[in-house]
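Fit chain B to the known structure of chain A by using the hints.
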Amino acid sequence: MLQQAAEVGPPSLLGISVRRSITLGRVYLLVGAGLSIFYSAVFALAAGPSFVTVFPVLLPVIAVMGGLGGMVVFTNDRLKGVFEYLIAYGLTPLRLFANILLASLVLESIVLGAGCLVGLGIYAATGHALSWALGTALGLYTIPMSYASVAFTATVGMVWTSLSSPRAGMNSPIGLLPIVGVTPALVTLVAALAAVATRAVPARLVTTVAILLLVVVVFGLLRLVARRLPPERLLSPT
Amino acid sequence: MALPEGKSGAGSLSRPDGISLSCRSVNSGYSGKEVLREISFSIEEPSIYVVLGPNGAGKTTLFRTLAGILRPSAGEVLIDGVRVDRQASRDRLHYLSHMDGIPDGLRVREALEFYASVERASSSDVERVLDQLGIRELSEHYLPQLSAGQKKRVSIARVFLRERDIYLLDEPTASLDPKVAREIRNLILELSREKVVLYSSHNLFEAREIGRYVLALRAGRLALFDRIENLRGSRYVVGIRLLEPSDAVAGLPQEGDYFLRELPGPEEVPALLRDLESRGARVRELREMHNPLEDLFA
Chain A
530 MLQQAAEVGP PSLLGISVRR SITLGRVYLL VGAGLSIFYS AVFALAAGPS
580 FVTVFPVLLP VIAVMGGLGG MVVFTNDRLK GVFEYLIAYG LTPLRLFANI
630 LLASLVLESI VLGAGCLVGL GIYAATGHAL SWALGTALGL YTIPMSYASV
680 AFTATVGMVW TSLSSPRAGM NSPIGLLPIV GVTPALVTLV AALAAVATRA
730 VPARLVTTVA ILLLVVVVFG LLRLVARRLP PERLLSPT
Chain B
16 MALPEGKSGA GSLSRPDGIS LSCRSVNSGY SGKEVLREIS FSIEEPSIYV
66 VLGPNGAGKT TLFRTLAGIL RPSAGEVLID GVRVDRQASR DRLHYLSHMD
116 GIPDGLRVRE ALEFYASVER ASSSDVERVL DQLGIRELSE HYLPQLSAGQ
166 KKRVSIARVF LRERDIYLLD EPTASLDPKV AREIRNLILE LSREKVVLYS
216 SHNLFEAREI GRYVLALRAG RLALFDRIEN LRGSRYVVGI RLLEPSDAVA
266 GLPQEGDYFL RELPGPEEVP ALLRDLESRG ARVRELREMH NPLEDLFA
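Protein chains in written order, with the numbering used here: chain A, 530 to 767; chain B, 16 to 313.
To be clear, the hints were calculated from the coordinates, so they are not data collected in a lab. Worth double-checking, as some hints may not be accurate.
Heads up, simulated DMTMM-like pairs for lysine to aspartate or glutamate below, C-alpha to C-alpha not over 20 Å straight-line [stated by the list, open to error]:
1) A:Lys609 x B:Glu221
2) A:Lys609 x B:Glu186
3) A:Lys609 x B:Glu125
4) B:Lys48 x A:Glu761
5) A:Lys609 x B:Glu128
6) B:Lys194 x B:Glu221
Computed list of chain A residues with no C-beta within reach of chain B, every gap over 12 Å [said to hold, decoys possible]:
7) Leu559
8) Gly563
9) Ala570
10) Leu631
11) Ile672
12) Val688
13) Leu705
14) Val719
15) Ala721
16) Arg733
17) Val738
In silico contact screen, one side only, chain B against chain A (beta carbon under 8 Å); selected entries [said to hold, decoys possible]:
18) Asn42
19) Ser46
20) Gly83
21) Ile117
22) Gly120
23) Arg122
24) Ala131
25) Ser132
26) Val133
27) Glu134
28) Leu219
29) Phe220
Every residue gets a Cβ at the ideal spot worked out from N, C-alpha and C, and that includes glycine.
Isolated chain A, as found in the complex (with noise of 0.2 Å):
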């Protein structure tokens, strides 16, 4: 005898959507993770300090590029009928876009771990101190931007994919969002730099004010998406 259903929604799918992420966007997952160690270890061997200065800021660029794998797994089941199946069984279009949008974080979490332990492992091991510079530089920017960055990434990449369908000779929106998704931290540089040369304001304030920007706007298309984006956006559109 087969069991009743029970009266309750269905329940979360990070854990299957990491893996699909993990399988299915393993060429950026590699690339990213790639980048990270080669980058981290070549910074923390050249040893000077270039590695408390461009280490912190190279990693949210690279980090971008690992989460692609949570959007590859969002055009995929878009373009399959696989969202049609899990709205049909009670996920809202914001419980699919915060389960991939998780899913991108945790994919990050990996490329910025191995670039931070590689980096931070060679610095360590060849006799450096890691100083205080250091320290705050990896936990009030590169931290929380290359979180930003991917959480900004993979909304825009998926309110963007849900609005346009496929056409011929077209650019996919994955094919474009590894720009979209390195420009807030290129950007962000660029802004600290002038603040330093120009010192009309503190670096710090400026990269504090980027992500805090980045985070408003994450939150802000994911109310658009809970309060506007139909449901049928996210069919198949063939």
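Below, chain B alone, put in the same frame as chain A:
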């Protein structure tokens, strides 16, 4: 085209102890573009309800609306009085879309486990459907390695993971070979003894074989809702197949081995048989050559 005789438009077919699925003046569609207009019907009897209509008539839109995926712009869909977008209603239905809906990057067993986790079914349910649908030998295959028919079987397997009251099956036997299609039909027939099954198909012979009721859509409106046995086609044509040549069928048009004879209705068949035999014809087989469901597409 003249519709087959029977109730047309809004309909209600009920049995006191049934499951209630009702559409009340539903308009529905995509991003403000209405596809369905003024759809009203009520289903309370466990059975198979075949949803028919030409391409673009709104069959898939109807299924998506009944499944709570599309929000009606007017009217409401209720399951036992509860709106279909409420979780309590969603938990009472299974929806199989015309697409496979199988997540990429998983083996067949993993895909079924994915479905099972969504529906809170157990791993023993996964094992059961692997046997039930004859896909155990495929369980370690990745999905891109499967044929279209095999993918369809995996897709269908998920609706057997948990028991529900209402099954919305959009072209469940499309791309299946005849043997597997028959097995699936038998499973669905078994299911329909206690459950409401809405089933769309472009195979009219299949629809007639397993359906008890027909919901016909035309241009987004419900054109007919009735028992299939009540349908009377605009023509009633029988095919006569003989054991040996006979003058009794001389002049009748032929389709393959069958000589075609148009009659006013099935009640004339015994008289036709007597007439043929009285004229020396040795009849091997008489069969209906015209499916009244075809008229719904004319």
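Non-conforming hints, listed in increasing numerical order: 1, 18, 23, 24, 28 and 29
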